[in-house]
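Engineer: Each chain, written out:
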Amino acid sequence: MVEVIDAAAALEHTDLSDPANLRATLGATLIKNVRHYSAFDAAFDVFFGLAARSLAESDDDDSGAGVGGSGVAGSGGMSGSGDDLLDGLVDALMRGDRDHLRMLISRAVTLYAGMQPGRPVGGRYYSYRVLKRIDSDALIARLLAAITLPESSSEIDQRLRQDQANLMLQEVRDELDREVTARLVDDRGAQQVAVSRRLPLVEDVDLMHATRTEIAEVEKAIAPLARKLSTRLSQRRKLGRSGRLDVRRTIRKSLGHGGVLLEPQFRKPRVSKPEIVVLCDLSGSMATFARFTMQLTYAIASELSKVRVFGFVDALDEVTEYFGTGTDFAEGLIRMGSEADVVRSDGHSDYGRSFQDMWEKYADAITARTSVIITGDARNNYRNSGVEYLDRIVERSRATFWLNPEPERYWDTGDSIMSLYGQRCDVVDQVRTLRQLEGFVEKATLPVVRRPRLVV
Amino acid sequence: MTTSWNEPSSVADDLERVGYLADARIAQVVYLADRLDKPILAEGPAGVGKTALALALAEATGRRLIRLQCYEGLDEAKALYEWDYHKQLLRLQTDEGATWDDLEGDIFSESFLLERPLLAAIRSPEPVVLLIDEVDRVEVETEALLLEILDAFQVTIPELGTISAVSKPIVVLTSNNTRELSEALKRRCLFLHVPYPSIERERAILAARVPELPEVLAEKVARTVATIRNVPTRKPPSVSESIDWARTLIALGLEDLDDEAIGSTLNVLLKYQADIDKVAKELSLDPADTL
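Sequence lines, in order, name chains A and B. The first sequence begins at 1 in the numbering used here and counts up one residue at a time. The second sequence begins at 1 in the numbering used here and counts up one residue at a time.
The set of hints was computed from the structure by calculation and includes no laboratory data.
Just the calculated beta-carbon pair ranges, DEER-fashion: (1) B:Glu183 - A:Ala8: 17 to 23 Å; (2) B:Asp256 - A:Arg212: 31 to 37 Å; (3) B:Asp23 - A:Glu395: 56 to 62 Å.
C-beta atoms are modelled at their ideal positions from N, C-alpha and C, and glycine is treated no differently.
Given the sequences, and given the hints that come with them, work out the whole structure.
Structural biologist: Rendered as structure tokens:
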């Protein structure tokens, strides 16, 4: 609410005829999180992109076929004009002439998008049709030819040229999306387009079905969360003067006021360094989620030194070394895929065997200071559950958390034995989106009472 | 000198005069902050010029800069004010025999108050620029200390009452986004996301900061850095590092950026060996050239 009032106050000081200015004002007052910018930009284009549209329109009048023009418009462009278009685009891009580019794109949309009023298709479909006619490969090739290389060109020059061409193609795409959006708004009204174009916020993106760009966005947000989780797991005492009296410092301090013992000094309470053990299901169905778990683990590992990671399918192997400090995450994933020994027989998840492996081979990784985080769908393919081993792991650890990416309503259906495992853990949580992970981090406090240690 | 900005472009001009290139968005947000008396919360990766913005604002407006560097464990006594304990004690000792009422009123007066950055910014007779740097480093609880200042430009001291700002400071908070700041803090600020600059802007920054760099080379440095930022590294090169890089190239007398020149100077841009290896591979540099 305050944001809206701020925005209104700020608008008084904004040049409303300049869309960039308006965007800056609304962005600064309404949006308080970097992650929400892309959603904001999309909405802004829908509601305030009209100015650009009307500008293009006036250049466009002579081309005849408008948005609601005859159906022929779609097939109207001859191959010759396609080439002209390509020439024009290359020329505009090389000169950095935005207005000319906008006009060309507008014309291309009229000719090739084949937009039909009222037809309930998303803008992406139209953009795709135009882009297909423009032929992005041909455009890249033409751009590469147009960008001059220095005489003694080396690898790097070619690489830079490639990047520059790609950037220009992206410019065409963005302009195209804007134009199509503007026309859809004309056709159906901003409100409706806004609804159909609404982007999910990054924290609500479903990790199991995320696109590559979405995953990249999500991964950016993980580091702060990992830090928070690390501190939460290390907070055992409340901050404050709970430490023991420090006699030496108290007397030393008193010298400043003539030996009067005015201010007692306390020792800092020792904060325990948490140890974390992650058990991650790497089977095929969990691939996307495993990547996310590893990213989280990788981020935690840069915060805490005592992190060990184990991957399993139907056998369990330690994968810590691929994700330690100084390693590269993507490379770690590749190495884990090729080197880790996580498949024993058929490559279907076997939680029982994996817990047994964990206990028999790596029990020493778990101490009374260890928080164990298990990620997986608890789908055991009707195999032996191995709860007796999970019990031992849980009992020996400080706390055990289970993150399951499956929606809660599917738990315990089919071969899922989530409850059987879940009742043994301190926290069981459905984590499918970043928001849910945030929720888990809030919940993940350590139990106050230390469990009696299991005598082995 | 007070601010006399009546449009965003004059903000940009003033900043450019002191060597800070603000894009339209930064200029607009600074202008709004000045008009609405609101703090700016600048967030973005390290080394893109968030702190430099505050420094440049101070220089451009001729105001004094007061800087509060945040760190874990920062508290009221170091951020706001502290009573001068020893002075109070001395005062009590010199005045034995005086009545308690006299003394109490006396030792809790402004002359026994030690100013810390936030209070200093409020009490300064001339308007200042207050920079609260890396605010994401303090604990969530400590953030609350800042709220009263950000909201109403005032500080409440229990023994003295409320001290209001004599002149409204320009407040810039910076955050590297290592943790989520509280809603309460964000709500009080204008949010300014400072991303890595576009190629054109980086080239302009290079030209302004390293004037001896030939134009062709500046363009190429900007493009190469942009390409490297697209490689997923642990720590992508910041603007300050690309400026360092440009200076390095000049110091080494390198006139063109070829594979060898890049390979032998990558360590100026990248600070992790894994990153250097990765970028060298991505740009298909000859391993013999790289460090």
